[in-house]
Amino acid sequence: MSEQEVKNLEEIFEARIARDEKIEPKDWMPEKYRQTHIRQMSQHAHSEIVGMLPEGNWITRAPSLRRKVALLAKVQDEAGHGLYLYSATETLGISRDELYEQLHSGKAKYSSIFNYPTLTWADMGAIGWLVDGAAIINQVPLCNTSFGPYARAMVRVCKEESFHQRQGYEIMLTLCNGTEVQKEMAQDALNRWWWPSLMMLGPTDDMSVHTEQSMKWKLKRKTNDELRQQFIDQTVPQADILGLTIPDSDLKWNEETGHYDFGEIDWDEFWQVVKGHGPCNKERLQTRVNAWENGQWVRDAALAYAEKQSERKIKKAI
Amino acid sequence: MDKKDLIQYIETIADNSLILGQRMGELTGHGPTLEVDIACTNISLDLFGQVRSYFQYAAQLSNQEISEDDLAFLRQERAYKNVLLVEQPNRDFAYVIARQFLFDHYHFLFLKHLQNSEDETLAAIAKKSIKEVSYHKRFSSDWIIRLGDGTEESKQKIQTAVDDLWQYTQELFEPNEAEKAAEEKHIGVDIVSLQAEYTQNVGKVLQEATLTQPDLKFFQRGGKKGIHTEHLGYLLSDMQYMQRTYPNMKW
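Chains X and L are the protein sequences, given in the same order.
Per the numbering used here, the very first residue in the first sequence carries number 1; after that it's consecutive.
Per the numbering used here, the very first residue in the second sequence carries number 1; after that it's consecutive.
These are computed hints drawn from the structure, not numbers from a lab.
Some clues are possibly wrong.
Straight-line Cα separation of at most 20 Å, PhoX-like style, residue types lysine-lysine; simulated pairs [unchecked claim]:
no.	chain 1	residue 1	chain 2	residue 2
1	X	K183	L	K250
2	L	K155	X	K308
3	X	K222	X	K183
4	X	K216	X	K22
5	X	K282	X	K107
6	X	K216	X	K7
Sample of chain L residues at the chain X side, in silico, Cβ under 8 Å [said to hold, decoys possible]:
no.	residue
7	H30
8	F48
9	R52
10	L61
11	K157
For every residue, glycine included, the Cβ atom is placed at its ideal position computed from N, Cα and C.
Produce the complete structure using the sequences and hints provided.
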């Protein structure tokens, strides 16, 4: 293909996106579009899978049967989200095994929030309320993103996430209406998860490398700073209802802007965790690698059995 | 049937689902594939759903003197009546599947008969649960076949697991006092009568899986009378942790 032909295709492609048309896997797309989507979608899938671990940590210790069932269902939903997102990523011409390999080798990233430990039951509430809350703010705009399979997967993911968020908030509400010990547990969880949740919305706009291109392809519709502000504005009144204090002495309502002002985020901590030095980075990755390696003989057996079955069918047919 | 005896019978049934559900829940996030992970969590969810139905019924029989959570989380170890089979640990995926398989085939036959219970609530729970359990049985049997007729390594692993766990199967068919009493009143299932069909059904799958059915003379028993293996205590310390550490609170 000549340079001119590629340029023409690119123009047609960009015009389609500008008209809000969906790009489907078999359509022509620029290599950079393909690679960016593989990167972002697989990162999203990995986040779902690694994200099962901090909450999975409390399945065996959930305090009531009702909570245990709800937690199991929630973590299972995350596995389901991982599954659709891996499948959607595979439509771009990469296999699930290759994607796992990128996760296990540390080449692919996942959301840094999952590198923090879940220390008490209240963390199940705080994760649902704050982490799923921030995830929804990040993800709702993706329901209209340009790549069809991603947009469709996100519609379903967002519905379930919003259920999870309400469930998390309800855990917090129960704790805050409970005993002094339970309320302290809730406050402690908020103290530990607040700042990492703000960091989940990504680096500030002046530090973010992907924003401009991603806006054009509708992988992003608002900047990180806008999303973060939206999250804070939405969450502060919810904390008030719970009777909890957000651990930021600079947080205050600004009449002029109509938004909350907030304190400085510790970006050194953010980059430290992103670069692999958070409290649980090594453990989370090792757990995934172990699950994969310990499952090798099981996957080999399933494959060997399937091959024997198809051979038997062929023999029968002859 | 006296309410107290009926509650004992309900515990004998429900504790199996409770303890096996807890074991399967330990696997969430650690499965050999994402699909298997989802399936194991699903089995755990089904089992806990059954536990809730049984224990809510028991709570109702006690005039709400005890709650479903008291029954699940606040009994002493010796008061749990599950069979030894279901408390055995997740040593590897072969043990997970073998344990599930050996229990599912029993569970299915048990529920098939419990549907005819003269206790309407138990019959209704059985009707709902058997649909779930027939899926569990298919899942575990399919995996027995895949692992048995898969690679040399998988065959050896699943055979070892079946051999090791077989010693806990006899107990499934030995009624405790509550089961005997329930059976006499046509509320419970005559579990002794299930064994022949069980052995046949399990044998058919093992044969298709090219595995050998173990031939044992000695069996382990005791769970139904509250005499467990050493594994149960650890499982309970995890499961009861919140209720024991923070007594009398709502979650």
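Of the hints stated earlier, which fail here?
3 and 10
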